[in-house]
Amino acid sequence: MSPENLMIAALLTPLVGGLLIVLTGSWPNLRESVTLVTAGITLALVANLVPGVLEGGRPELTLIEMLPGLELRFRLEPLGMIYAGVAALLWPVNSLYSIGYMRGNNEKKQTRFYLCFALAIFSALGIAFAGNLITLFVFYEVLTFSTYPLVTHKGNEDAMKAGRVYLGILVTTSIGLLLLAIVWTSVLAGTLEFTPGGILAGNVQPGMAGLLLMLFMFGIGKAALMPVHRWLPAAMVAPTPVSALLHAVAVVKAGVFSVVKIVVYVFGIDFLASLDTTQWLLWISGFTVLSASIVALRILIQQGNLKKMLAYSTVSQLSYIILAAALFSSMGATGGSLHIVAHAFGKITLFFAAGALYTAAHKTEIFQLRGVGWRMPWTMGAFAVGALSMIGLPPAGGFISKWYMMIGAFQAEQMVAFGVLILSTLLNAAYFAPILYMAFFQSEEPLRAAYADGHDPWHVDWDHGEAPWPIVAALTTTAALTVLLFFFPDVPLELARAVGESGLTAGLGD
Amino acid sequence: MVPLLAAPVAALVPHPRVAWAITVGAAGWALYAATGLLGRVMEEGVIRYELGGWSPPLGIEYRVDAVNAWVILIVATIGAITALYALRSVERELERDRIPLFYAAFILCMTGLLGIAVTGDVFNVFVFLEISSLSAYGLIAMGQDRRALTSSYQYLIMGSVGATFIVIGIGLMYGMTGTLNMMDLAERLPAVMDTRTIPVAFAFLTVGFSLKLALFPLHLWLPNAYTFAPSTVTAFIASTATKVAVYMMLRFFFTVFGAAFAFDVMNVDMILLPLSLVAIFSMSLVAIYQDNAKRLLAYSSVAQIGYMVLGISFATVMGLTAGIIHLFNHALMKAVLFMALGAVFYRVGSVELEAMRGLGKRMPWTMGAFVAGGLSLIGVPLTVGFISKWYLITGALEKGWWPVAVLVLITSLMAVIYVWKVIEVAYFHEFPGSEDDDGALEAPLALLIPTWALVFVNVYFGVDASLTSRIAGDAARILLGEGAP
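Here the protein sequences come in this chain order: W and G. If you read the first sequence in our numbering, its first letter stands for residue 70, the second for the next number, and so on. If you read the second sequence in our numbering, its first letter stands for residue 76, the second for the next number, and so on.
Because the hints were derived from the structure by calculation, they are not lab data. In this text, a Cβ means the ideal position worked out from N, Cα and C, and glycines have one as well. Where hints are given, some of them may not hold.
[As the list claims (entries may be wrong)] Ranges of calculated distance between the beta carbons of each label pair, as one might list FRET restraints:
no.: 1; chain 1: G; residue 1: 520; chain 2: W; residue 2: 229; range: 27 to 37 Å
no.: 2; chain 1: W; residue 1: 96; chain 2: G; residue 2: 531; range: 26 to 36 Å
no.: 3; chain 1: G; residue 1: 439; chain 2: W; residue 2: 345; range: 49 to 59 Å
no.: 4; chain 1: G; residue 1: 439; chain 2: W; residue 2: 132; range: 22 to 32 Å
no.: 5; chain 1: W; residue 1: 349; chain 2: G; residue 2: 436; range: 44 to 54 Å
no.: 6; chain 1: W; residue 1: 132; chain 2: G; residue 2: 436; range: 30 to 40 Å
no.: 7; chain 1: W; residue 1: 530; chain 2: G; residue 2: 505; range: 29 to 39 Å
Just chain W, with the same shape it has in the complex (with noise of 0.2 Å):
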């Protein structure tokens, strides 16, 4: 198949296997198989874009002109490339979790569950080979409204509740600024393409420019820049397959993506890094990666709950990325696009820890977790690696996009950004060992005694095991991607450096 027909396919297939869930979903293991096939093929079908973008192809098609000079376009070039690929390849993945997950708990509705799960996949995939704004607008918009009913699957006062917020926030920001940003720039450059080497430059003074840049970044909700960060932690009232894929991969990284994509090809690295009234995102990027980093500490010391701890740590891994974008340098870009399949790794292999303990235990306390690295061996191990990966150690993939971001805050002799990622390690550090020291090498004995006569609102069950054998074979799966990324960084470094390098000048990477 041609690249620009595997394209259309790999969008297609996710649709096609949302209509079959629906129609079999009188049967759960037909339609479970249906989803796994679905994501297994859709998987197939973008392994197969990676050889000819390694290349230099960026396969391109129109799918319909809306409105003179409104079309709805892909275009797949390095960065989509690494967003669609990690979204896919965690997908089946996602999907036997999800399976144990859902039939350890009996959660109910489970057909709408694996439709939406289907929709947000196809949303996704076509942020990802978005060849314009509208069109990367359009199925930010379609993603946002497929996960909703996700986010609110339990469908009590609290899911509700969090649902508001959640739509709220990332409806307003959307609507009312990144919406706004995208018509002026059109009015402003006359064009939506995404161009490597941007659109902007020359078309618009520095005052205003740098207005754009905040209406885009604060517009883009996704990407959970401080202050509009707080659907993300409401959003953990899902199911835990949700958080794993949709807020740790899919819905977030469709926001730092977008944020990358609109510095690199809407911008461009050398027009944003010869203005001065643009510094404003590298501060505020950096004061997210601390702050959420101290809220996470927070509720390890208040021995919160893990999901949220979690999610404030996302918060600030997310910044990360927006930070290296910030640093406006070819090298920040890369550093920047492989954090996204990083972070993607490690992320979903902690959440997948976290649904575990729920479904074995029902545990969702920090302070729960006392002992249980003996119970759960492999669950525990795999949260091992994902936090190795945040921290960004050796042998983890955490360390690589690390790395390259650090040389990239070199390399822009930007001495904060330095700062604020050798900090943010210390603080990283700070609240994820004391979870592993938890978990090894302290009794649960105590905790055990204390809630004997009764009186524990969570119901847990302390004589459990390991988790049903579909959780566990995913999270091992992840925890061993992102020991892979490690050592065999190739694929998405090549992507990576092409991302950088077409940012610089146009023409140089494409």
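Fit chain G to the supplied structure of chain W, relying on the hints for placement.
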């Protein structure tokens, strides 16, 4: 003009279904003619027809260019679809012996609206306006609720005041120029522009139109009228009557008086701009606090009309294109929304939000159509609403009117809130009755098919708007006198 002949026939026929068949036939014929007309206008430019063979300016002339061919098509489309829809809905909401009268009034109203759009003679505009208004008063008064009578009376008073203002304006113009033909007026007016009479005529006309199109603060008749009218009537009038009034305003401002006089001498944009902004903002706010879904949409209509007038007040090609394309797009989405509510009323007997609890599950297709229309109202991409918003914001930014663009986006968010209110009640609240209560099951196909046909149109022109935007762009250029084809 077939509808005019069909009306008395429909009134005389005793059997409701036969009257309905005549209505559908007439509306269908009008739609067919309108489509052909638009096709020819797009190809050949202006079409003229001299009524009774008297040549203008003595006789009445029908004159169709891209602008009114467009409006005619809107009225005919909505008329045909609501006529199809009417059958079951009207049977449910009206007494049997009134039904033929209803259809007669319906056809008359449609005739009036089409007539306003087609004619090239200002006094003829007034005549048709009265035809459509009087029949609309009658239609609204047929609502089940007794309050329909008072709201119709309210509309009657305010509508008549508006019509009187319009006729005074027309009279003054006639006094100064001695002609009623639009083209003739446009030629002769510049000679007498400096007199005091013409600005006075202009002012009378502006106020009259504003009343008719329910521009804030002259909108008071609208919410009650929409709320208590029979569902079919609400769907029809909401998506056509005010649109035709907007057309009259466009026609008089740009063709008869000329953009230069209206905007440079009279500075009408200085009135329209703030009023439309206040309308958009305050009416969206009021809509958020409504507990009756129909009334909620009625207030939203006033806000949406504000968008159109806002586009007009830009007086640029982009702004006018936005206003004209929104004419069509808003007609499409409001018709869908009101028709979905009509289906709810058909089953549940009420459109209070209270009564709509849990309907998402009970009436999936009806509420699905409502959600589609709601998304369009918000302006979500791939619906027609998005196209309108796109043009409007681009127009505002082109003029460098920042706050306006921001306000348009803020009010879109307010639309999210009021649409969401209905959706949340319908989908996330439990159905109050017992499960096997068949009082609120899916609406009959006779209601669903027309509704979903419109949903389809909504999405189609949202995805591929090149046709609508070309026509609207042409119309805008004609009105501004730039390169008229």
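Hints versus structure:
1. G:520 <-> W:229: 27 to 37 Å: At 33 Å between Cβs, range holds.
2. W:96 <-> G:531: 26 to 36 Å: Holds, since residue 96 of chain W and residue 531 of chain G (Cβ atoms, about 32 Å apart) stay within the stated range.
3. G:439 <-> W:345: 49 to 59 Å: The hint (49 to 59 Å, Cβ to Cβ) holds, given that residue 439 of chain G and residue 345 of chain W are roughly 56 Å apart.
4. G:439 <-> W:132: 22 to 32 Å: Taking Cβ atoms as reference, residue 439 of chain G and residue 132 of chain W lie about 29 Å apart, which means the hint holds.
5. W:349 <-> G:436: 44 to 54 Å: holds (48 Å)
6. W:132 <-> G:436: 30 to 40 Å: This hint holds: roughly 34 Å between Cβ atoms.
7. W:530 <-> G:505: 29 to 39 Å: holds (32 Å)
Checked against the numbered hints given earlier, the structure satisfies every one of them.
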